[in-house]
Amino acid sequence: QVQLQESGPGLVKPSETLSLTCTVSGGSISSSLHHWGWIRQSPGKGLEWIGSMYHSGSTFYQNPSLKSRVTISVDTSKSQFSLNLTSVTAADTAIYHCARQKSSGWSLGFFDFWGQGALVTVSS
Amino acid sequence: EIVLTQTPLSLSVIPGQAASISCKSSQSLQYSDGKSFLYWYLQKAGQSPQLLIYETFNRFSGVSDRFSGGGSGTDFTLKISRVEAEDVGFYYCMQSAQLPLTFGGGTKLEIK
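Line by line, the protein sequences give chains A and B. Under the working numbering, the first sequence has 105 at position 105, and the numbering climbs by one with no breaks. Under the working numbering, the second sequence has 89 at position 89, and the numbering climbs by one with no breaks.
So that you can see chain B by itself, here it is in the shape it has in the complex (with noise of 0.2 Å):
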């Protein structure tokens, strides 16, 4: 099973400014096309997770342009470039590369 860690836990960030999250895999998720099966999930208060960026890097419709994912094999980041109050959450990595799909531990974003 492929295990995703992501750091930090959680991050209080002043509005305005920007953030960071990491997530590594056991195994690289990076495959034959270049394609790595990494995606990012942002859960709020009280609803489900809403997929922000998938295949690593692709925002999906409606996201915000504030978000960007990168990264290659076994490390992926998610940043935010300009943190606002609707950011606050936990965000989640997920690896669909080998089963079972896994989801990283999360990692909770407040507001300073």
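Looking at chain A on its own, in the form it has when it is part of the complex (with noise of 0.2 Å):
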């Protein structure tokens, strides 16, 4: 069974780089089936996708209400893959998943595994 687990700090401050990493476990971060993703949760705005990426780094799709400020990354040799948001601010402050997304036709599809999440707070 796939297990994923973020790792990061909880705590950010205000304009800051917010740098999560998810660690894979159980299955090949190199799938051709599937690509990875992040997801965040907050009270106000509920799920929101924040991104998506294939390992070879060859597609890579981002929620544009994110204004271009997400960078993700696969690291195949550890089997893992990193979130950068950048110039963070209140809003940003939620819970991160990461997750491994199955194709599903010719759309991205859908969240099959998760990590259990992890919260990060902005503040100064």
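Derived by calculation from the structure, the hints in this document are not laboratory data. We put the CB at the ideal spot given by N, CA and C, even for glycine. Don't take every hint at face value.
As the list claims (entries may be wrong) - Below, simulated DSS-like cross-link-like pairs (lysine-lysine); rule was C-alpha separation at most 27 Å, straight line:
id: 1; chain 1: B; residue 1: 44; chain 2: B; residue 2: 24
id: 2; chain 1: B; residue 1: 24; chain 2: A; residue 2: 45
id: 3; chain 1: A; residue 1: 102; chain 2: B; residue 2: 79
id: 4; chain 1: A; residue 1: 102; chain 2: B; residue 2: 35
What the hints assert, rightly or not - Label pairs and their calculated CB-CB ranges:
id: 5; chain 1: B; residue 1: 46; chain 2: A; residue 2: 90; range: 17 to 25 Å
id: 6; chain 1: A; residue 1: 43; chain 2: B; residue 2: 85; range: 23 to 31 Å
id: 7; chain 1: A; residue 1: 7; chain 2: B; residue 2: 46; range: 17 to 25 Å
id: 8; chain 1: B; residue 1: 18; chain 2: A; residue 2: 57; range: 44 to 52 Å
Starting from the two chains in their separate frames, assemble the complex, guided by the hints.
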């Protein structure tokens, strides 16, 4: 069974960069059937998709609402993928989930396995 | 952006009775091969969302057959045939027909 685990600082200062890493076990991060994604959850905005990336880096999609502040990278040698969100504000305070995404037809598809989530607070 | 509207916002169900949750999309999620890219998740207290149903009606591995999904186009439904205490939590629909991927606002299920 695939397992994912988020790690990173729980507190980030305003205007700085939020950085989280997701470690994948029990399955290959180089799977041709999957993308790897980030979703966040806050009381005010519910579940919000941040972005998804293929292991080779050949495809990357992000939510335009985040105004190009998102970078996702994949390190296949460590079976990890990472999220960087720049210029954070209090509105970026949320639980950040990493997840495996299985392709469905021609679409990016659905998230079938999720990490437990990491709370990140933006505050000075 | 596709907006998914879930109703009701909450429901309280007697164990053993059935429950139904609606998810209405602002645009059709159905495509030429007949698939609808609509999924259902359950988030229990203190946990991450867990996949229940994919592509409208397919149960994910290990999901009880008490859960069933249906619908097409813009109207979708999740049904729980006999609610149990372990079904308590928030239910979300999600679509992948168009970027950005979006989720419904959630439906809270509690036991009477």
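Any of the earlier hints contradicted here, and which numbers?
-> The structure conflicts with no hint, since it agrees with every one listed earlier.
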